[in-house]
Structures are given as structure tokens and as C-alpha cells.
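Work the whole structure out from these sequences, hints included.
Read off the chains here:
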Amino acid sequence: MEYFIELLFSGLTRGSIYALIALGYTMVYGIIGLINFAHGEIYMIGAFTALVVSTALTIYGFPLLAVVVLTALAAAVWAASYGYTIERLAYRPLRSAPRLSPLISAIGMSIFLQNYVLLAQTSDFVPFPALVPEFAFMEPYAHIVGSSDMAILVVSALAMIILTCMIKYTRTGKAMRATAQDQKMALLVGINVDNVISITFITGSALAAIGGLLIASHIGQINFYIGFIAGIKAFTAAVLGGIGSIPGAVLGSFILGLTEAFATGYVSSDYEDVFAFSLLVLILIFKPAGLLGKATIEKV
Amino acid sequence: MLELRNIDTYYGNIQALHQIDLTVEAGEIITLIGANGAGKSTTLMSISGISPPRSGEIIFKGKPIHELPANKIVTLGISQVPEGRHIFPELTVAENLDMGAFLRNDKRGIADDLEYLYDLFPILRKRRNQPGGNLSGGEQQMLAISRALMAHPQLLLLDEPSMGLAPLVTKQIFEIIEKINREQNTTIFLVEQNANLALQIAHRGYVLENGRITMHDQADKLLANKDVQKAYLGI
Ligand SMILES: Nc1ncnc2c1ncn2[C@@H]1O[C@H](COP(=O)(O)OP(=O)(O)OP(=O)(O)O)[C@@H](O)[C@H]1O
Ligand SMILES: [Mg+2]
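Protein chains in written order, with the numbering used here: chain E, 1 to 300; chain D, 301 to 535.
The hints are simulated quantities; they were obtained by calculation from the structure and are not laboratory data.
Bear in mind the structure is a predicted one, so any value in this text is a computation, not a measurement.
You may find that some hints are simply not true.
To be verified - Chain D stretches covered by chain E per the calculated footprint, using a threshold of three residues with CB under 8 Å from any CB of chain E: (1) 306 to 318; (2) 388 to 399.
Claimed, not checked - Label pairs and their calculated CB-CB ranges: (3) D:S436 x E:S269: 34 to 44 Å; (4) E:I59 x D:D406: 46 to 56 Å; (5) D:P364 x E:S96: 47 to 57 Å.
Virtual Cβ for every residue (Gly too), placed ideally from N, Cα, C.
See below:
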């Protein structure tokens, strides 16, 4: 039983991280119908930014809490500026081009960013400091769920609640929903659609950066390639839940995270990916639009 | 109030509008009639800044607007009810109306306009918490018109409001259009395939054929015109 709970928490932790990344995929897809293949790299850049900033702040003797808060802020802002710039440079000029063009541009951006970080850093894993201390009150449960798992769960839950409120209640959120549902009409009621698209990239990138920071601190090392793996997994989760749907991305992420955790725990870690992708294939066969996605006819 | 001078609009290399000249006076209802594919919707989209003209000028209240982005044009007082209504399907009726007032900040004025529209279309008040996509065609048309009016426009562009509606519902909608013109003093630019109905409520009319204006006159004169009768009125 205890083992089950341990796996459960491990699955939820993975799911949270996937969700933080998957939200960016699904939001961008919802608004402009593009799979932003460079999104995983944004997550990786968030992690590297966190590494640089937290190291510097620690050297200057900032207290841990200040280091964590400032690092998260810096990683989110820096990654957001990448997300914003990528859209402006690589996608916006191609908005009225055939659908394949921005997709290829996205893959190009992904390769570019990976190699850019590879050259600027190194291909080896670099150690990442643990930003979450061992909380005293977590001590009795430490054999089931670590402090850093708990931090991941709490922070991502908060991020998702804030995002949901923003989309549901704010003026910007309403503009995002309207633009996702009918872009031409959004223009006709006076929404600045270009701004809405920029805000979508900024929001998705900031969330991914927070995910990057959390997982880097949890695992303790990063390299230029982490965005690719995590990106594919989160993308899988978004498709599983129904790409374009925000609750779908969260649901898909938790299903994927839990499946992986239980497959690893009860079968073998060798089968982690096999289970994850089998699940995806099954769902796509029986529910092609994903769990919460709308069945739409692809118009190409 | 609105003047189109020599408008040429293209889709890629295909020219949809040829040297359109057209004026709308403040307070009037004008109608643009024409067959399928004549370029009626394109004319409205050119005015709204969604398909801006490649050459020519569009002057609204003395200022050129043909180079402005769509949201600026809405701010100046031009709102459109596009062909096919384009209700935001997953937003509620109330949220759809709210989007119409997206560029306004005057809370009092917005609340007053909302009351006016709910009184004009009581069914919308009843359904205000339902998703817009669940409404019937006629209700969606009422919602689309109301959403455009929530911007408190001086000029309302209506693209085929009768499309797909039962005759009785169409009649109701047209009565409301006249009422808005009378009570709110909103200038109306009405695009219709149902030329007969449109010319009955309009003051003046333009006839569009293959992207060119071929005729314009007082509405009653067009109704009596033999060529118009034969081509558009089925007489
Ligand atoms: N997005 C587009 N891309 C290319 N061509 C277009 C586009 N929209 C319209 N056209 C073409 O421009 C011409 C004018 O179309 P428009 O929709 O303005 O006509 P309309 O008078 O509104 O017709 P209807 O009565 O069917 O609504 C048509 O030949 C049409 O095929
Ligand atoms: Mg049309």
C-alpha cells in the first residue's frame, strides 16, 4: 500500500510537470492551430536561466527564499521573452502561408535553440542546485513523498489555478477564448489578435520555465537535450487530452504521469515509454480528438 | 458619413472589387444588393479593415480609415455583423455581448445598452447563461446584431441578416433593424440577397455585379426598375 502511494505521488509529480509544459502546446494550438515544436526548448532555456541566476544569487549570499523567488521570476521572464521572440520571428511572418511552413519553421527553431545552448554550454549534464530544502514538517512522510515533490505539486497547482482564473475572468482571458473560437470575429469586435497571440506565447513559455526550474532542482542536473524529451512527453499528454483544450492538457498530463509511474514501479522502468505511447495510440484509435477534444474535421 | 472612393480589393491575385464608389449619409439605411459572389461581403470586409483595399480611399467622418487596423475602425464607430453571424460558440450569450463592448470602458453606458438590447430581444435575456452555439439561427442573428450594437456604433454593417431564417423571423429582424435606425439613430449599411425586403426598408440602394457598382438610386426607384425587377426581384 505504501509503495502504491509512493508511486501515486511520483505519478502526480510527473503529471504536474507535463501539465506545465503541455498547457503551452495546447494554448498555442488553440489560438493559431500550430504545434510549437520549439516549446520544449523554452522549458530547457527556463532551466538553464534558473541555473545561472540561482548560482549567481547564491554566490552573492542571498537567503534561499529570495534565491528561489528571484530565480523563478527571472526564468519565467527570460523564457517568456524567447517565446515572444520566436513567435514574432518564426511564426508571424508565415501566418498566411500554407500550414506546413510554420510547422517546418517550428522544427527549425527547436533545432536552432538546442544547438545554441549546446554551443553556449556543453553537451554534458551540468549539476543543478537543489532549490527546495527538506521541510521539517515533511519529515514523517519523507519515505513516501519528498519535499521537492510536494513543492512541484503545490507550485503547479497554484500556477494552473491562476491560469484558469485569468482565462475565465480577465479581459485578456476572454479575448484569448474569443480569438481561439473565431479569429475573424475577434478582429471584428476590436480585439488586437496579434497581442493576444503574443500573450499566449508569453504565458505558455513562463509556465514551461517554471516547470523546467522545478524538475531541474528535483533531478539535480540538466543539459541541452532535456527539452526534447520533456517536450515530446508533454505534447503526447496534450494530444491525449485533446489538443486545444486546457482541461484536456491537464488531464492528459496526469494520466500520462501516473501511467509512467505505475508502469515503472510495477513492471520495469524499461517499459515506461512503451506504456505511455501505447496509451496514446489506443486513445487516438478510439477517440481521435483526444479525451476532451472536440471532434473537428481537419481542413488542410 | 462614409465614402468609398475607387476601391480595388484583391484576394491574392484575384481582384474582387473594381473601382467601388459609394457613399452613406448619416442616419440613413442603404442597401447593397447583388448575386452570389458579386463582392458584397468583400465590400464590408474592406470597410472593416479585414480585407483592406489595395488602392482607393475609405473616408469615415472626414478621416481616411483604409490603412487602419480592424480594432481602430471599431473604436471609430463602425461595427459589423458578418455573414453567417459568427457567434463565439462556447461563450455564453452574456459573454458574447460582453465581447461586443470589448473596446468600451464606460460601465454605465454598457449596462444601459445591455438593458436596451435585452428589452429589444427578450429571448436573449432568458438565454443569457447558455453557450451561444446552442441558440437557433434566428436567435443567433439577434445575438450577432446585439453584439455589434454593444459597441455603440454610429454605422452598423449588416451582411445578409436574413440568411437561412424563416420568413417570419426575417420579418421580425428587419423590423428591429428599422427600429434601431429610428430610435438609436444608427446608420445602417445592409447587404442582402433578398433584394425585395432590403429595398423596402432602405432609403437608397446600390447594385453590385461582378465586383462593380452598376446602378444606384432611391430604393423605391430601384424597386420599380425593370432591370432590377428581372435580375433581383424575381418579377
Ligand atoms: N477568402 C477569399 N479568398 C479568395 N477569394 C475569395 C475569398 N472570399 C471571397 N472570394 C471571392 O471574391 C468574390 C466576391 O466574394 P464575396 O464573398 O464578397 O461575394 P458576396 O457578394 O458576398 O457573395 P454571397 O452572396 O455568396 O455572400 C467571389 O468571387 C469569391 O469567390
Ligand atoms: Mg457574402
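State the violated hints by number, sorted upward, taking the hints as numbered earlier in the document. The structure breaks hints 1, 3, 5; every other hint is satisfied.
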